[in-house]
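Chemist: Next come the chains, spelled out residue by residue.
There are 2 protein chains.
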Amino acid sequence: MGRALLTDLYELRMAASFRRRGMDGEATFSLFVRALPPDRGFLVACGLDSCLDFLDGLTVDDDDLDALTTLGLDDVTVDALAGLRFTGDVWAVPEGRVVLAGEPLLEVTAPIAEGQLVETYLLNQLTFATNVASKAARTRVAAEGAALVDFAFRRTQGVEAAMTVARASAMVGYVATSNVEAARRYGLRVAGTMAHSYVGAFDLEDAAFRAFAEDNPGNAIFLVDTYDSRHGVQRAIDVIRELGLGATAGIRLDSGDLAALAAEARTMLDDAGLTDVEIFASGGLDEYAIADLVVAGAPIDAYGVGTNMGVSADAPSLESVYKLVEYDGRPVMKLSTGKATTPGPKQVFRGRAGDVVALRDETPPSDCDALLVPVMRDGHRVHRETLAEARQRFESDLRLLPPEALRLRGSSPPTVTMSARAEALRASVYKKLIGREEPPQV
Amino acid sequence: MGRALLTDLYELRMAASFRRRGMDGEATFSLFVRALPPDRGFLVACGLDSCLDFLDGLTVDDDDLDALTTLGLDDVTVDALAGLRFTGDVWAVPEGRVVLAGEPLLEVTAPIAEGQLVETYLLNQLTFATNVASKAARTRVAAEGAALVDFAFRRTQGVEAAMTVARASAMVGYVATSNVEAARRYGLRVAGTMAHSYVGAFDLEDAAFRAFAEDNPGNAIFLVDTYDSRHGVQRAIDVIRELGLGATAGIRLDSGDLAALAAEARTMLDDAGLTDVEIFASGGLDEYAIADLVVAGAPIDAYGVGTNMGVSADAPSLESVYKLVEYDGRPVMKLSTGKATTPGPKQVFRGRAGDVVALRDETPPSDCDALLVPVMRDGHRVHRETLAEARQRFESDLRLLPPEALRLRGSSPPTVTMSARAEALRASVYKKLIGREEPPQV
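The listed protein sequences derive, respectively, from chains A and B.
Residue numbers are given in the working numbering: position 256 of the first sequence equals residue 256, and the series is strictly consecutive.
Residue numbers are given in the working numbering: position 290 of the second sequence equals residue 290, and the series is strictly consecutive.
Be aware that a few hints might be false.
[To be verified] In silico lysine to aspartate or glutamate, EDC-like type, Cα no more than 20 Å apart, as pairs:
hint, chain 1, residue 1, chain 2, residue 2
1, B, Lys432, A, Asp39
2, B, Lys339, A, Asp257
3, B, Lys431, A, Asp206
4, A, Lys431, B, Asp24
5, A, Lys432, B, Asp228
6, A, Lys432, B, Asp203
[What the hints assert, rightly or not] Here chain B is said to cover these stretches of chain A; the calculated rule only asks that three of the stretch's residues, wherever they fall, bring their Cβ under 8 Å from a Cβ of chain B:
hint, region
7, 23 to 31
8, 56 to 62
9, 121 to 131
10, 156 to 164
11, 196 to 202
12, 383 to 391
13, 420 to 433
Calculated from the structure, these hints are not laboratory results.
Keep in mind it's a predicted model, so treat the numbers as computed, not measured.
By construction, the Cβ of each residue, glycine as well, lies at the ideal position given by its N, Cα and C atoms.
Okay, chain A solo, but in the shape it has when bound (with noise of 0.2 Å):
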């Protein structure tokens, strides 16, 4: 499949008439995201390393050209495509970071046909990548240390969305997932142990207990809701004795009123002498869930989350936008009701005082950390690390949000401002554009 073609037609039309008027003057489009869904306090960066990918060596090959006049496009724009292929710069948050609305993800700066080709792509992978990163990055924040395995993958929206899904909740502490594909691409811990069809397809629940603990000692978990809950879990304390399992054991709770259930059943294991084996929890649950278990004390080890965290359930997608700033040196606005964009190349300065968007070119001020950094040069990827080392960063990042931006309800963000230079930028465009100073912002 040609990667030229992982694009909206509108990308190809515009391409196509900038470059039959020889408008190859360098234009920056910025990626942000416009506002933060409700009870968001914070974004965590993430899907660069795919966007990096399908950017280096971007190119319109003769098959796509081909496919293109399949499809009725005029040979004329056709041909005015021919050749097209990515040569530009990228700044870019690094993967991991902490980023809140107004906050570029990314600016591309590139003849203005080239960068007009690829929004589609970084869009897709940034906007679905960063919303389900944040998403899972809140389930770390409820889950308040207990360990969180992504379960995601039947429910995710596509198979590629399962591979993001594994790869940002690894991101941001997950310590494993249930999809195998995904922990062998990433190099992630891969878990699972037996489902209800398990237990179904034995006679009796205890010997397919005793069956699949004889078959994987070391791992053997048991989901012990498939007929009643509290008789599963004496099953389960009856093989683990028997069989002399330990530690190694554990119990799945999958449904039901997981936090009483959680505490009888912690308190028939310590009864029975099997204080080392573990509870793990799962069904349905999302960050609300899982704070609510935590505040309720319920004594569980681990968490399985799947669907909600997956397809971010209450917040689906992100307001992300991807904007012409600039064009042959020109700073270009957008004035569309609700939607205004503000004009220039920018960077993002992070200090105590809070995070300021500026303008690409200005003197950071002392101890701030600027945000974006170059991960492309003339078309060629100059930013690689490991998953690591943004996890790392995550961590990092999550120690210096406040609690307002933590909470899961009512949050609030920490504050952005716009640097001096960025209003006054703004403001003589509008001026330009419109004859008069801009109104103030509601």
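Since the structure of chain A is provided, determine the placement of chain B on it from the hints.
Modeler: Leaving out everything else, chain B in the frame of chain A:
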């Protein structure tokens, strides 16, 4: 990438255990949606084609075994998976059919290890495709005949999701997609013209309009809201008249009060004698927003529908499950709190009195349609059809849905009942498992 690794680890552990124990009896697994999301009155079956591609020829190969060893699985487990391949039979509801909660979308009958291995992939593909086809079908109902175009690519949960969205929305009547690769892959009509960046790259809005129209005669849809929608409409009218574009031109509104702007734009166009020039609307649309515009009488000819449809924003997942219902001739049932299943392979009979979920071997009542058809035999695909066939099937089923099922809010799905034989089987399995009669279902 080995297809067999597109699964959860527990499927492999269970499959290995079954094989080590010589448990090679035939199992039937049933895939269905437990309950419809709020406000949904029906689902549209979708995703079968990719499931059948996956199953046909599915084998655990040597590379897969090596990968599992690398991931830390013990040698006995890995050896037990050697030679595992899919040899089963599959019955399924063809794509495009209306389906309801509790009705099997697909049933696999195979040696139990094989049926277990494929759970994750089948759930993943059928859940998302069916969900998004159902969501798109709701926009179709809301639009009352206006044309719909898929604009979702940039915000779907990955690139594969974008392909699924384009295909599913075409199946339920979308006339085009912005997604170039999806159009190439599935033979769809592709659509798209200009973004705000095109307008911003020119010094003046009318210069951008003129340039685009010159380069795209026959495809000039002017995006009018970059600076001010009313001024934009006037500039579009000027260019349409100047270049004599006539009915091939159009305008697109993408922000603000779409109903009011569409009415004003229509008046302006009509007053200029451009009664044939069409009005397109886009920007955060879903079935609710489209219905409001239709009710308001907004003169909009076509809608571009993106994010909210593409991620099924108000219900981004379905409660789909894949349950063992028979093993080695023995009906199997799960009793977990709130998640009980009904044993035995099934068929769904659709007639005037509504849908009946029956046992597979029941004689169909007269004048009934059987929803499930054989799609694989002995591991080979025996069902293949075009997207046009699925689309036609959807059109037929849509016409038969009652108004209560089509309502966007507070909808009531058609009745689904269990056949007397299915009820009797369930009661007898329950009694055998628990030793008493099943209490009435709440």
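Chemist: Run the structure past the numbered hints and jot down the numbers of the failing ones, going up.
Modeler: 1, 4, 8, 12 and 13
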